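Make a model of the complete structure from these sequences and hints.
Residues per chain are reported as follows:
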Amino acid sequence: MTEPGPISSLDRPNSYIGRAVPRPNARRLVEGRGSYVDDIDLPRMVHLAFHRSPYAHAEIKAVDTEEARTMPGVVGVFTMDDLKDRITPWVGVLDHLKGIKSAEQWPLADGKVFSQGEPIVAVAATSRAIAEDAAERVTVAYEELPPVTDMMTALDPATPVIHPELRDNLCFHRVLDTGEVDAVFASAAAVVEDSFHFNRHTGVTLEPRSIVCDYNPADGQLTLHMSVQCPHMSKNLYARHLGLDEDRVRVVCRDVGGSFGIKIHTYADEMAAGAIAVKLGRPVKFVADRLESFVTDIHARDHKVKARAAFSAEGELLAIDMEDVTGIGPFSVYPRTSGIELNQVVNLTGGPYRHAHYRVDGKVVFQNKNVMCQYRGVGHPIAVAVGEHLMDLGARKLGLDPVAVRRRSFIPEDAYPYTSPSGAIYERQSHQACLEKLVEAMDYAGLRAEQNALRAGKTYRGIGFASLIEVTNPSPAFYGVGGARIASQDGCTLRLDPTGGITATTGVTEQGQGTETIIAQIAATAVGVPIDKVRVITGDTDLVPYGGGTWASRGAGIGGEAALQAGKALRQNILELAATILQAKPVDLDVRDGAVVDDASGVERMPLAELGRIAYFRGDTLPKDVQPELIATRHYTQRGYPFVFTNAAHACHLEVDAETGIVRLLKYWVVEDCGRVINPKLVAEQTRGGVVQGIGPALYEECLYNAEGQLLNGSLADYLLPMAAEMPDIEVLHVETPTGTSELGAKGVGEAGTAGAPAAIMNAINDALSPFEVTLSDMPFTPDKILRALGKIPIREKSAGT
Amino acid sequence: MSTRLTITITVTVNGEPMTAAVEPRMSLADFLRAEGLKGTHVGCEHGVCGACTVRVDGRTARGCLILAVQCDGLAVETIEGATDSGRLRDLQDAFIDNNALQCGFCTPGMLLAADELLRHRATPSRQAIREHLSGNYCRCTGYQAIVDAVEQVAKRRAGQGS
Chain H
1 MTEPGPISSL
11 DRPNSYIGRA
21 VPRPNARRLV
31 EGRGSYVDDI
41 DLPRMVHLAF
51 HRSPYAHAEI
61 KAVDTEEART
71 MPGVVGVFTM
81 DDLKDRITPW
91 VGVLDHLKGI
101 KSAEQWPLAD
111 GKVFSQGEPI
121 VAVAATSRAI
131 AEDAAERVTV
141 AYEELPPVTD
151 MMTALDPATP
161 VIHPELRDNL
171 CFHRVLDTGE
181 VDAVFASAAA
191 VVEDSFHFNR
201 HTGVTLEPRS
211 IVCDYNPADG
221 QLTLHMSVQC
231 PHMSKNLYAR
241 HLGLDEDRVR
251 VVCRDVGGSF
261 GIKIHTYADE
271 MAAGAIAVKL
281 GRPVKFVADR
291 LESFVTDIHA
301 RDHKVKARAA
311 FSAEGELLAI
321 DMEDVTGIGP
331 FSVYPRTSGI
341 ELNQVVNLTG
351 GPYRHAHYRV
361 DGKVVFQNKN
371 VMCQYRGVGH
381 PIAVAVGEHL
391 MDLGARKLGL
401 DPVAVRRRSF
411 IPEDAYPYTS
421 PSGAIYERQS
431 HQACLEKLVE
441 AMDYAGLRAE
451 QNALRAGKTY
461 RGIGFASLIE
471 VTNPSPAFYG
481 VGGARIASQD
491 GCTLRLDPTG
501 GITATTGVTE
511 QGQGTETIIA
521 QIAATAVGVP
531 IDKVRVITGD
541 TDLVPYGGGT
551 WASRGAGIGG
561 EAALQAGKAL
571 RQNILELAAT
581 ILQAKPVDLD
591 VRDGAVVDDA
601 SGVERMPLAE
611 LGRIAYFRGD
621 TLPKDVQPEL
631 IATRHYTQRG
641 YPFVFTNAAH
651 ACHLEVDAET
661 GIVRLLKYWV
671 VEDCGRVINP
681 KLVAEQTRGG
691 VVQGIGPALY
701 EECLYNAEGQ
711 LLNGSLADYL
721 LPMAAEMPDI
731 EVLHVETPTG
741 TSELGAKGVG
751 EAGTAGAPAA
761 IMNAINDALS
771 PFEVTLSDMP
781 FTPDKILRAL
791 GKIPIREKSA
801 GT
Chain R
1 MSTRLTITIT
11 VTVNGEPMTA
21 AVEPRMSLAD
31 FLRAEGLKGT
41 HVGCEHGVCG
51 ACTVRVDGRT
61 ARGCLILAVQ
71 CDGLAVETIE
81 GATDSGRLRD
91 LQDAFIDNNA
101 LQCGFCTPGM
111 LLAADELLRH
121 RATPSRQAIR
131 EHLSGNYCRC
141 TGYQAIVDAV
151 EQVAKRRAGQ
161 GS
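Chains H and R, in that order, give the protein sequences. The first sequence begins at 1 in our numbering and counts up by one. The second sequence begins at 1 in our numbering and counts up by one.
Wrong hints could be hidden among the right ones.
Said to hold, decoys possible - The following label-pair restraints were derived from C-beta to C-beta distances:
{"id": "1", "chain 1": "H", "residue 1": "Glu604", "chain 2": "R", "residue 2": "Gly86", "range": "35 to 41 angstroms"}
{"id": "2", "chain 1": "R", "residue 1": "Ser85", "chain 2": "H", "residue 2": "Glu576", "range": "50 to 56 angstroms"}
{"id": "3", "chain 1": "H", "residue 1": "Asp598", "chain 2": "R", "residue 2": "Gln127", "range": "52 to 58 angstroms"}
To be verified - The calculated EDC-like cross-link candidates involving lysine to aspartate or glutamate, where the alpha carbons are at most 20 angstroms apart (straight line), are:
{"id": "4", "chain 1": "H", "residue 1": "Lys667", "chain 2": "R", "residue 2": "Glu131"}
{"id": "5", "chain 1": "H", "residue 1": "Lys667", "chain 2": "H", "residue 2": "Asp729"}
{"id": "6", "chain 1": "H", "residue 1": "Lys667", "chain 2": "R", "residue 2": "Glu151"}
{"id": "7", "chain 1": "H", "residue 1": "Lys681", "chain 2": "R", "residue 2": "Asp148"}
Unchecked claim - Negatives, chain R to chain H, calculated, CB over 10 angstroms:
{"id": "8", "residue": "Thr19"}
{"id": "9", "residue": "Val69"}
{"id": "10", "residue": "Arg87"}
{"id": "11", "residue": "Lys155"}
Please keep in mind that the hints were generated in silico from the structure rather than gathered at the bench. Keep in mind the model is a prediction, meaning the values are calculated, not measured. Cβ atoms here follow ideal geometry from the backbone N, Cα and C, with glycine treated the same way.
Right, dumping it as structure tokens:
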């Protein structure tokens with residue numbers, strides 16, 4: 001099943017597939033008429049603020065809430081003991097991650113705190129300001145416990161065990177060994193190795209995490225206004241842990257101000273808001289402020305990797321051997337776990353290449369820092385950066401060009417479908433075509449010549465490549481088999497209204513990436529109506545088909561296929577009814593541009609509004625055995641492979657100032673193969689935004705902790721994000737290898753930019769500095785690290801725990 | 001506990017006088033949002049992200065760094081007012097055409113910042129656009145489409161001689 005199926009259903013006269021249609025929901029956003037959670041005000045609504053732990057690890061000896069309770073405007077003050085009758089704890093493990101363990105987690109601290117910022121007391125008041133005032137008046141007596149912060153010593157016998165019931169600080173351990181690795185290294189023409197640090201960073205969604213929990217005790221209905229990616233998952237989790245009838249929990253998700261994997265997890269403060277809403281019987285709003293976000297939004301990465309690679313004399317990658325340690329904070333995050341990231345690193349390192357020999361030892365360890373979990377790219381940036389850096393080191397050692405070693409090592413085009421040494425199955429990839437297109441687009445030869453010419457004048461420019469694979473369109477193998485109620489299937493319902501308009505509801509969700517647009521494009525194409533006749537509704541679990549929402553780059557590939565099949569089914573229903581009315585055969589008719597037409601001539605026979613009028617209001621004119629069904633629902637589960645892999649080739653061109661250590665980005669290129677491109681502008685913009693979210697942690701972003709587990713730069717004044725002035729123009733080109741797993745042929749694209757950028761940046765910096773014979777692999781590549789590597793300023797001992 | 005101190009202020013918001021009793025600590029952004037103007041977004045509350053950008057007496061300002069009481073007697077314009085005036089229409093159209101927004105949370109502030117640039121420099125270079133917009137974070141787009149949109153509008157406006 002490697003060849004794409006026929007595309008007749010997409011190749012229709014009024015097809016919108018492949019067109020850069022603007023987003024219909026953009027107008028209200030540019031006019032400030034969006035609807036984000038904090039914009040919601042409900043009658044009798046109270047606002048939550050939390051008293052949070054200043055310590056990374058401590059026992060709570062006493063809590064005094066007396067003063068807070070008596071302040072005017074305070075409606076309720078809650079400790080964990082006050083909520084235990086309303087909520088049950090959770091544990092972030094999955095059955096298919098063998099041996100993974102974590103501790104029970106409660107919405108408020110239950111006697112101990114395990115990281116700075118952990119909520120201890122919740123205050124509900126008539127305004128957020130009053131709630132914050134009262135939260136400040138709460139006093140907590142702590143007994144400090146030794147914090148475990150350095151992931152490299154977390155498993156040492158001398159290190160305290162964070163959760164004694166777990167016996168050690170090991171969350172998850174995965175080992176993979178294809179065998180014969182040592183023998184291949186022993187006989188290889190070249191062996192290279194390096195150690196890597198992948199810094200902790202975080203998502204910084206511009207709209208912080210926000211929730212309004214509206215519980216109506218009269219009918220037992222809990223309505224959750226949430227800023228999330230997966231409404232149905234949230235519905236299940238709140239029902240399960242609040243002990244409510246799941247059928248009476250409704251999640252409504254309207255505009256989401258950025259998510260990137262941040263708003264997909266279970267957060268203690270948000271769960272507390274749910275429990276307090278049930279307890280109070282009135283709406284409760286919690287909106288994290290930016291300082292709370294930095295210490296509680298999931299952090300990303302935090303890996304230390306040692307890796308080596310073996311090459312033949314011709315530059316073919318033969319084997320990879322690596323060790324990865326990941327620090328995840330005190331809990332594996334529920335329900336997706338903090339083990340998936342390591343799994344992806346193991347599965348994907350060296351992914352584009354035919355290296356038969358592979359060994360990995362990966363450990364996920366607990367620490368007293370904020371939790372780490374799935375953020376845009378999940379494991380990919382580590383896997384790609386390690387693999388691509390090793391490719392460049394191999395090229396350098398063998399005196400070969402980095403492009404040449406990649407060409408030499410790619411999985412051959414005739415080898416697909418291909419099973420990787422980690423067991424991943426690649427349907428078909430286009431590494432060769434992407435790299436060749438990239439090299440041409442960037443004028444590689446010209447840039448090399450310029451690089452050499454400029455070096456004479458001490459201008460150091462570098463070119464960095466990254467070829468990558470990305471996991472998209474997951475099957476139930478990702479979470480469903482592990483016991484999590486996270487749907488991998490998704491559905492779409494299309495209804496023809498009496499006006500001739502189409503109302504579409506879909507289980508996939510919109511966070512600005514353009515989901516609603518591509519669903520409209522597909523529905524309009526499949527049914528045969530102008531796109532402005534399609535209205536798309538997402539995010540409301542009372543209205544939309546049950547589905548997984550947005551994760552693992554699945555919206556277009558899974559949700560899009562459901563929309564295509566629903567559109568085909570609705571068109572068939574329309575044609576059958578039209579054939580009855582027009583006394584024709586369905587096969588001789590088609591729907592185009594909002595009208596039933598004669599298929600052969602294209603001559604209009606009946607507008608859809610007329611068909612709708614007859615169907616809905618003049619059923620008396622139809623034969624008795626004809627019941628119009630102008631609605632169709634279809635679901636789609638990707639079952640062809642565990643995942644559908646995309647691929648891409650990135651290149652970065654930059655200049656390093658050897659006197660200041662400052663990196664200036666000159667240009668960035670991406671050749672992306674996400675299968676069938678539904679909307680080239682949206683694909684390009686997903687790619688550009690993704691690249692910048694990979695550039696950020698490569699050059700600027702890091703959550704810096706001290707040895708006591710205190711976050712040192714938890715504000716936007718201290719945490720550096722990419723800004724407009726420093727970012728390069730990013731050229732995006734396409735190669736299209738549609739997947740044969742679906743008729744639509746679309747794969748995902750949301751995360752590939754983030755996956756590749758850290759590798760391309762790292763390789764470009766090292767290429768720029770190659771005259772100095774230094775290599776950097778400790779992200780972020782800040783000016784001080786570059787100057788230290790160049791010997792311009794002294795090497796600094798890193799303090800423990802950072 | 002004593003009753004909270006409030007001060008009565010009158011601010012002209014989008015051309016309409018608005019009188020309210022506010023606590024001295026209330027930020028302008030919180031004041032505007034409490035008055036129903038939800039297009040002013042609060043992203044960091046410490047003056048970095050730019051999502052709360054509004055115009056105070058004709059100049060852009062951080063709604064989170066000005067107190068509402070400081071605006072007594074001043075004229076404030078938000079994205080709602082700037083939209084109603086039609087002044088941003090070409091920028092808004094260009095943002096849509098270029099897909100210069102994804103989640104839209106930064107967009108009102110970004111538009112007001114871009115508008116201010118174009119009022120002072122008719123045809124800024126791409127780098128000048130990038131530098132001017134560096135007080136406004138966008139986490140979704142990577143900025144290029146925003147720069148494209150602003151550049152396009154600058155050129156069109158210059159071409160029309162306005």
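Consistency of the hints with the structure:
The hinted range of 35 to 41 angstroms is satisfied by H:Glu604 and R:Gly86, whose Cβ atoms lie roughly 38 angstroms apart. Under the hint 50 to 56 angstroms, the C-beta atoms of R:Ser85 and H:Glu576, about 52 angstroms apart, fit the expected range. Between H:Asp598 and R:Gln127 the beta carbons are some 57 angstroms apart, a value that agrees with the proposed interval 52 to 58 angstroms. In summary, the hint linking H:Lys667 to R:Glu131 is supported, as the alpha carbons are separated by about 17 angstroms, within the 20 angstroms threshold.
The hinted pair formed by H:Lys667 and H:Asp729 meets the criterion: a straight-line CA distance of about 6 angstroms does not exceed 20 angstroms. Straight-line distance between C-alpha atoms of H:Lys667 and R:Glu151 comes to about 18 angstroms, which keeps the hinted pair within the 20 angstroms bound. Distance hint between H:Lys681 and R:Asp148 is fulfilled; the C-alpha atoms sit about 13 angstroms from each other, no more than 20 angstroms. Separation of R:Thr19 from chain H is adequate, the least Cβ-Cβ distance of about 20 angstroms exceeding the 10 angstroms criterion.
The non-interface label for R:Val69 is consistent with chain H: the shortest C-beta to C-beta separation is roughly 15 angstroms, beyond 10 angstroms. Its beta-carbon lying about 12 angstroms from the closest one in chain H, R:Arg87 satisfies the requirement of being farther than 10 angstroms from that chain. Every CB of chain H lies more than 10 angstroms from the CB of R:Lys155, the least distance being 17 angstroms, so the non-interface label holds.
Taken one by one, the earlier hints all hold for this structure without exception.
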